[in-house]
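Engineer: The letter at position 654 of the sequence shown is residue 654 when you use UniProt numbering, and the numbering goes up by one with no holes.
Derived by calculation from the structure, the hints in this document are not laboratory data. C-beta atoms are modelled at their ideal positions from N, C-alpha and C, and glycine is treated no differently. Incorrect hints may appear among the rest.
[As the list claims (entries may be wrong)] Within a straight-line C-alpha distance of at most 27 angstroms, the following computed DSS-like cross-link-like pairs (lysine-lysine) qualify:
id, residue 1, residue 2
1, Lys847, Lys689
2, Lys795, Lys890
3, Lys920, Lys890
4, Lys797, Lys689
5, Lys920, Lys902
6, Lys952, Lys902
7, Lys343, Lys314
8, Lys847, Lys755
9, Lys797, Lys755
10, Lys755, Lys795
11, Lys847, Lys797
12, Lys755, Lys689
13, Lys259, Lys199
14, Lys786, Lys689
15, Lys207, Lys259
16, Lys786, Lys797
17, Lys689, Lys890
18, Lys689, Lys640
19, Lys314, Lys259
20, Lys786, Lys847
21, Lys755, Lys786
22, Lys689, Lys259
[Said to hold, decoys possible] Simulated DEER-style distance windows between Cβ atoms:
id, residue 1, residue 2, range
23, Ala528, Asn499, 49 to 57 angstroms
24, Glu7, Lys890, 25 to 33 angstroms
25, Ser22, His762, 38 to 46 angstroms
26, Phe463, Ala152, 50 to 58 angstroms
27, Pro821, Gly618, 22 to 30 angstroms
28, Ser777, Gln611, 47 to 55 angstroms
29, Met75, Ala152, 40 to 48 angstroms
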Amino acid sequence: MSANWPERISAFLRSPSQFLCSTTSDIFLAEVLHELRDDRASDQIKVLLLSPLLEHPTLLCPSVSVGEETALELMSVFAQCSPKSLPLRCNVLLALTSVLLCSCCVSSHTSASQDFLDLLLQMAQDTNDAQAGAALHPLRTTACDCLRELEACLPGLLSQRLELLSSLRQQENSRLHQAYTGLHALALRNAVYLLTQQKGAGAGDLKAALGSNEGFVWGEGADSAHPNSVSHSDLALFSPLTLGPMGKVPSLQTGLDCKELRSLLSSLLEESYLLTSLSQAALLRCLVEVLAMVPAVSPTIFRAQLLRLLGTCKVCLLHTTLLMKAAFTDSLFSAEDEAFLLKRLVGLSQHPLLSTPEKLFYMDCILHFPENRPISSGDESLPVLLTPRLAAALVPTVFNDSVSMLARLNLLSLVYLEEGEEDREGQGGRGLAYLYDHLTSLLRIVENQASREMVVTFFRASFLFLLHFCHVERYSEDLSQKLCDLYLRRTQLAPHFINLADRTQDRLEESGWAVALLRGLQRTITEAPLSQLTLQDLRWHLRILARVAEEGEVLQRATLNFLLCVITSSSSALCVSGDWRLGNGVLGVCRRLLLHPSLDSLLTPLADLLQHLTCHYGETDIQDHARLYYTLLTTLSQEKLAGVLAQRGTERGRQAKVRSLSAIMGETEELTSGLTVHQTERPLLRLVKLDKHEPDECKPEHKPDSEPACETESSPGQGGIEDYRAQFESSSFASEITLQYHLTHTGVHDPHFDKLFSIRLHFDLTDGHYEEVSDISVPCLFRTRKPPTVRLRLKPKQPYHTTLRASAIFTTEDGLSWHSPLADLHVAFPEVFLPLLAPLGWAREKKQRVFEGIWGEICSEQSEGDLTNAATSLFCDQLEESAVGELVEKHFQRYLVSDLDKGRCKVLFFLPPQSHVLLKVITEEDAVQVHIATDNWKLLPYINSYLEDITKEIHSTQQVNGDV
Numbered sequence: 001m002s003a004n005w006p007e008r009i010s011a012f013l014r015s016p017s018q019f020l021c022s023t024t025s026d027i028f029l030a031e032v033l034h035e036l037r038d039d040r041a042s043d044q045i046k047v048l049l050l051s052p053l054l055e056h057p058t059l060l061c062p063s064v065s066v067g068e069e070t071a072l073e074l075m076s077v078f079a080q081c082s083p084k085s086l087p088l089r090c091n092v093l094l095a096l097t098s099v100l101l102c103s104c105c106v107s108s109h110t111s112a113s114q115d116f117l118d119l120l121l122q123m124a125q126d127t128n129d130a131q132a133g134a135a136l137h138p139l140r141t142t143a144c145d146c147l148r149e150l151e152a153c154l155p156g157l158l159s160q161r162l163e164l165l166s167s168l169r170q171q172e173n174s175r176l177h178q179a180y181t182g183l184h185a186l187a188l189r190n191a192v193y194l195l196t197q198q199k200g201a202g203a204g205d206l207k208a209a210l211g212s213n214e215g216f217v218w219g220e221g222a223d224s225a226h227p228n229s230v231s232h233s234d235l236a237l238f239s240p241l242t243l244g245p246m247g248k249v250p251s252l253q254t255g256l257d258c259k260e261l262r263s264l265l266s267s268l269l270e271e272s273y274l275l276t277s278l279s280q281a282a283l284l285r286c287l288v289e290v291l292a293m294v295p296a297v298s299p300t301i302f303r304a305q306l307l308r309l310l311g312t313c314k315v316c317l318l319h320t321t322l323l324m325k326a327a328f329t330d331s332l333f334s335a336e337d338e339a340f341l342l343k344r345l346v347g348l349s350q351h352p353l354l355s356t357p358e359k360l361f362y363m364d365c366i367l368h369f370p371e372n373r374p375i376s377s378g379d380e381s382l383p384v385l386l387t388p389r390l391a392a393a394l395v396p397t398v399f400n401d402s403v404s405m406l407a408r409l410n411l412l413s414l415v416y417l418e419e420g421e422e423d424r425e426g427q428g429g430r431g432l433a434y435l436y437d438h439l440t441s442l443l444r445i446v447e448n449q450a451s452r453e454m455v456v457t458f459f460r461a462s463f464l465f466l467l468h469f470c471h472v473e474r475y476s477e478d479l480s481q482k483l484c485d486l487y488l489r490r491t492q493l494a495p496h497f498i499n500l501a502d503r504t505q506d507r508l509e510e511s512g513w514a515v516a517l518l519r520g521l522q523r524t525i526t527e528a529p530l531s532q533l534t535l536q537d538l539r540w541h542l543r544i545l546a547r548v549a550e551e552g553e554v555l556q557r558a559t560l561n562f563l564l565c566v567i568t569s570s571s572s573a574l575c576v577s578g579d580w581r582l583g584n585g586v587l588g589v590c591r592r593l594l595l596h597p598s599l600d601s602l603l604t605p606l607a608d609l610l611q612h613l614t615c616h617y618g619e620t621d622i623q624d625h626a627r628l629y630y631t632l633l634t635t636l637s638q639e640k641l642a643g644v645l646a647q648r649g650t651e652r653g654r655q656a657k658v659r660s661l662s663a664i665m666g667e668t669e670e671l672t673s674g675l676t677v678h679q680t681e682r683p684l685l686r687l688v689k690l691d692k693h694e695p696d697e698c699k700p701e702h703k704p705d706s707e708p709a710c711e712t713e714s715s716p717g718q719g720g721i722e723d724y725r726a727q728f729e730s731s732s733f734a735s736e737i738t739l740q741y742h743l744t745h746t747g748v749h750d751p752h753f754d755k756l757f758s759i760r761l762h763f764d765l766t767d768g769h770y771e772e773v774s775d776i777s778v779p780c781l782f783r784t785r786k787p788p789t790v791r792l793r794l795k796p797k798q799p800y801h802t803t804l805r806a807s808a809i810f811t812t813e814d815g816l817s818w819h820s821p822l823a824d825l826h827v828a829f830p831e832v833f834l835p836l837l838a839p840l841g842w843a844r845e846k847k848q849r850v851f852e853g854i855w856g857e858i859c860s861e862q863s864e865g866d867l868t869n870a871a872t873s874l875f876c877d878q879l880e881e882s883a884v885g886e887l888v889e890k891h892f893q894r895y896l897v898s899d900l901d902k903g904r905c906k907v908l909f910f911l912p913p914q915s916h917v918l919l920k921v922i923t924e925e926d927a928v929q930v931h932i933a934t935d936n937w938k939l940l941p942y943i944n945s946y947l948e949d950i951t952k953e954i955h956s957t958q959q960v961n962g963d964v
């Protein structure tokens with residue numbers, strides 16, 4: 001129906017929610033499946049059409065029923081594909097896997113998922129391409145991938161097929177042997193885990209599982225196959241079992257009789273040499289977890305693999321080796337192996353031929369090295385074997401890139417921290433001195449106008465150094481002095497200084513280094529000669545001083561003297577310039593001083609400063625704020641002043657930064673409660689839909705220009721479809737639907753809410769098919785009175801059903817405001833129907849001419865292909881003539897264009913904004929035919945469902961009457 005599929009699919013993938021504003025997921029899915037069945041579409045287009053199902057299966061198949069129907073359609077498409085269309089067939093298999101998994105069809109054990117699994121296993125059993133030939137090799141690869149995905153998402157699904165998977169792995173000689181091995185290992189690992197969850201499971205159960213070939217273990221079937229097993233939703237959570245010591249892994253007590261499992265593991269390990277590095281890593285990880293769950297099998301079975309694993313240069317294999325060491329510790333790795341592995345990690349961390357991400361990975365492995373005999377278990381704890389001499393190869397230099405330099409600094413800081421700083425002549429003392437020298441080297445680079453990256457690196461390095469060695473006074477005090485000197489040379493680094501002080505204060509709560517740094521910066525700024533002060537430097541000084549003023553421990557007399565000198569100096573051009581940013585910076589400092597604990601001692605100079613700003617500053621806004629601060633300072637006590645300017649007290653010695661001028665009033669419980677919108681515990685109101693229609697609903701929304709009705713009827717050139725179409729072009733024409741509800745209380749009876757006032761109903765859309773809905777006001781609602789009627793006006797963009805989320809804000813008798821959610825409002829498709837919106841004064845004959853004109857346009861344009869949205873259809877049902885009369889009277893009466901005569905009538909539904917559905921009802925003996933024509937073919941599924949529903953209702957009514 002649309003030759004524009006590449007653009008449509010691209011629009012959907014770019015923004016699915018925006019795309020579905022113009023249609024629905026059901027319609028779009030139906031279009032995609034229809035096009036997939038079309039033999040005229042090319043394979044490339046069909047592959048493109050499958051991409052929405054691969055990327056957003058839950059959006060298009062939100063339920064099990066929709067997912068199963070879609071899967072059956074895709075199975076049909078797969079069966080009809082040409083054997084040569086390999087890319088298409090492979091993509092159909094992938095789409096089937098996504099749909100069945102994401103719509104929970106597999107976990108619900110639907111017939112479609114059973115058929116799909118049988119199909120995948122059938123394709124996988126053609127080992128070495130003996131039947132289908134080498135041409136279908138990619139299809140078998142995809143089938144194995146789909147089986148592995150199914151087993152990964154529903155662990156244990158293939159646990160009863162281990163014998164078959166083992167046989168397929170041993171028979172396969174092509175490169176697909178790798179896929180079969182990975183699938184077999186994953187199924188083995190999940191099957192063993194299932195056994196560990198059974199009470200009393202032992203060697204016999206393990207032996208039976210290894211030789212089983214009896215179908216699939218479904219979501220609920222797992223409970224029947226294994227009475228004490230866990231569900232698939234729980235199994236999906238156990239993904240890495242080897243994160244901790246082996247004692248935390250669930251175990252299967254099998255005794256010493258595990259010959260079958262030991263033989264199987266040996267076979268898999270012997271074949272691991274044939275796999276790629278990534279596949280080897282995945283295989284070894286599965287086998288490590290299997291051995292961790294079966295203690296009867298000794299980990300020494302991996303001993304033959306250690307030689308190549310310890311010397312590997314592949315990141316994935318080395319990571320698997322570390323996981324193996326974490327699981328088995330000294331039962332597999334000797335002390336010599338441990339020392340060799342650690343030395344290898346140190347060597348790889350500084351290898352010149354490796355990339356930076358690889359080096360960072362190896363350094364992280366050192367920080368989390370799994371020791372045979374761990375002393376401590378922390379987030380970052382160094383291994384005992386990592387001595388300063390061994391770590392000397394990782395000392396940071398200024399030639400390292402920023403990330404590597406910081407990682408090395410952190411690692412070496414941990415190493416030297418354990419050596420202590422007291423022995424200045426020892427290795428630890430020399431190492432710490434080297435790290436501080438490195439930090440000062442970075443500082444000199446920053447002093448000489450370094451790049452932004454180097455500046456950030458220096459401050460991060462300073463933070464790391466302080467994090468570990470802040471307690472070493474000779475270094476921390478010297479660093480603080482050097483930072484103050486750096487600030488005078490590069491005042492534009494003020495944000496970095498503030499950030500360093502904040503982060504250090506957050507992480508080192510008991511340390512006073514951050515306060516000492518801020519005190520040093522204050523002294524540096526206030527003691528500097530004013531003759532050298534520039535406006536640019538002053539901007540940064542004000543930011544630093546504002547941060548210093550947040551510290552209650554720091555005296556602020558020097559800050560006030562500095563500001564008074566800057567503002568009142570005869571040589572200062574600050575007040576004359578009227579710079580808003582500078583003035584706002586000064587006020588920022590003053591505001592924090594108003595909250596300082598030592599405000600009493602600062603009262604006179606602070607008042608002088610604010611008064612001077614009020615009288616002499618050349619910017620009105622700054623004058624107004626200074627006057628406000630001056631008034632607050634001179635009229636309020638310190639407690640009330642703190643309540644006005646801050647809602648909270650201090651945090652870790654720093655003042656709060658939240659302002660609230662509404663707090664100028666004394667806060668009481670009554671005031672707080674009155675200003676708060678309270679939330680009800682449960683819905684208190686509901687909207688009950690009224691069945692009757694609004695009396696003026698059938699009237700047209702647009703009246704022609706003061707033209708008498710008699711002239712309209714008598715004019716020969718008017719009264720037809722042209723006049724009807726003309727009203728759509730008028731700007732005053734507005735097609736809306738009006739729904740009526742009663743606003744009532746719910747069944748929850750609370751006397752406090754019997755009388756409600758000033759009710760404001762708010763509605764939120766759940767899709768893009770309608771214009772935004774305006775709020776509705778209801779004056780009052782009393783439980784003892786008749787409920788008020790609420791008229792909800794909707795203006796559709798597309799004539800589809802929708803759901804509105806409703807809520808209400810109201811006031812109770814005690815004056816409190818409350819917010820309460822309401823039940824969702826469901827607008828059904830028939831509620832969008834309106835009668836023919838004809839101009840006033842039109843007779844029925846003219847409406848019939850409009851009906852015939854639209855019907856003729858749809859039929860002719862559909863046959864000629866001019867109107868792509870036009871469509872016709874036919875609905876049939878067995879109804880007697882009396883039942884047809886009841887159907888028309890009950891459901892079509894408001895929309896009749898011609899009365900029911902001899903079993904025939906015409907019905908026209910107008911669906912805003914400009915869609916039409918025309919029905920010709922014809923009675924033939926004991927059956928009724930409903931001929932349908934519409935100028936919007938997307939409405940046909942909804943019309944068909946509507947006709948089915950109303951005819952079923954008539955059938956049920958007749959059956960009840962017949963029984964009576």
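Engineer: Are any of the numbered hints broken by this structure? If so, which, sorted upward?
Structural biologist: 1, 8, 9, 10, 16, 18, 19, 20, 22, 23, 24, 25, 26, 27 and 29
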